[in-house]
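Build the full structure now, drawing on both the sequences and the hints.
One line per chain: the protein sequences are U and L, in this order. Residue numbers for the first sequence follow my numbering, so the first one is 8 and each next one is one higher. Residue numbers for the second sequence follow my numbering, so the first one is 25 and each next one is one higher.
Calculated directly from the structure, the hints in this document are not laboratory data. This one's a predicted model, so the numbers in the text were calculated from it and none came from an experiment. All clues given are correct.
The calculated label-pair distances, taken between Cβ atoms and stated as ranges, are:
#1 L:LYS103 with U:ASN9: 43 to 49 Å
#2 U:ARG103 with L:ARG57: 40 to 46 Å
#3 U:GLY84 with L:ALA131: 41 to 47 Å
#4 U:ASP118 with L:THR110: 48 to 54 Å
#5 L:GLN87 with U:GLU25: 24 to 30 Å
#6 L:GLU28 with U:ASP80: 38 to 44 Å
#7 U:ASP93 with L:ALA131: 48 to 54 Å
#8 L:ARG107 with U:ASN9: 39 to 45 Å
#9 U:PHE127 with L:SER101: 36 to 42 Å
The C-beta atom is built at its ideal place from N, Cα and C for all residues, glycine as well.
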Amino acid sequence: MNAEQAKFLADHYANLIEKELPATAAVLAAVNEGDRNYKPDPKSRSAFDLAVHIARADTFLIPSALKGNFDNDPEAGKRWAAQFSDAAQVAAFYRREVSETVQQVRAADADVLLRDINFFGLVTGPAANMLVFAHDHSLHHRGQLAAYLRAMGSKVPNIYGPSADAEPART
Amino acid sequence: MNAEQAKFLAEHYARMIENEIPTTTKVLNAVGRGNGDYKPDPKSRSAIELARHIAAADAWFFQSVLDGSFVFDQAESDKAEARLATAADAAAFYEKTMREKVSQLRATPAEKLAKEVDFFGFMNAPAVTFLAMVQNHSVHHRGQLAAYLRAMGSAVPSIYGGSADEPFQVATA
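Right, here's the structure in full:
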């Protein structure tokens with residue numbers, strides 16, 4: 008990957024993340040309309056825990072990639088999660104912080120995007136490639152959470168098209 | 025977008041999709057180890073319907089990018105899904121078809137990938153950029169399906185890391 012390609016890829020993903028932001032915030036906010044402790048199985052995360060995980064990962068992975076390291080302190084993560092008392096707060100945080108993250112991606116210099124970074128000892132690659140993982144990780148967990156919503160008494164917002172729960176268009 | 029950028033992005037997605045194929049195939053196969061008729065709500069797709077949708081829609085979406093043209097035929101889509109009777113059928117079709125399309129993508133001329141195409145009157149963009157929709161649609165529905173698996177009596181394979189059912193194993197020499 009050269010400098011031009013790194014900037015091109017970062018812009019591509021900044022656009023994608025920006026486009027996905029409203030749908031992800033809507034799914035996070037929908038957790039507030041049902042039983043936030045719902046989980047489909049005892050081994051699964053609860054809806055609220057999953058919402059917080061999405062917000063945490065999406066505001067940790069990309070800034071960490073741009074910073075050049077993934078220093079993850081689980082205890083600090085727990086303290087961070089404790090700031091939220093409900094999913095509406097998580098959604099509001101998500102809207103604000105991910106918008107800011109998108110701007111950081113667009114402003115990142117090519118040398119930052121090209122810098123090799125180690126991802127928890129699993130893989131090493133250019134920071135630009137970590138944007139890809141962060142993006143797909145987010146969509147994966149949002150899909151999971153969307154599958155919880157009806158079973159927990161909430162509704163599924165539109166994601167990649169109309170949901171069966173979406174209100175009909177008013178004429 | 026110039027031809028060089030289109031080729032770069034196509035190779036990026038070829039590698040991405042190639043990496044995701046084994047994981048998605050595992051999730052589709054996992055549907056066969058539980059109650060395929062399970063759905064979390066009467067308004068939701070059942071597990072087997074979702075598995076068929078992932079396999080057939082990903083293939084259609086990918087082929088549309090390769091063709092540089094989006095034409096949706098509901099009857100054809102229904103037929104494509106109906107051909108996938110079981111979860112194993114959906115998984116086998118998905119794995120074979122997606123690998124073929126990745127090869128076709130790598131052989132597609134840069135000029136065709138960079139050419140602007142119309143997406144159902146909503147937007148025009150270079151054909152190659154719609155590979156993001158192929159990937160995102162797949163990851164989204166695979167996430168949904170993964171959330172069904174335990175409740176339907178199956179198990180969740182590792183996806184972007186170990187799961188409680190399939191913990192991450194560190195390779196040892």
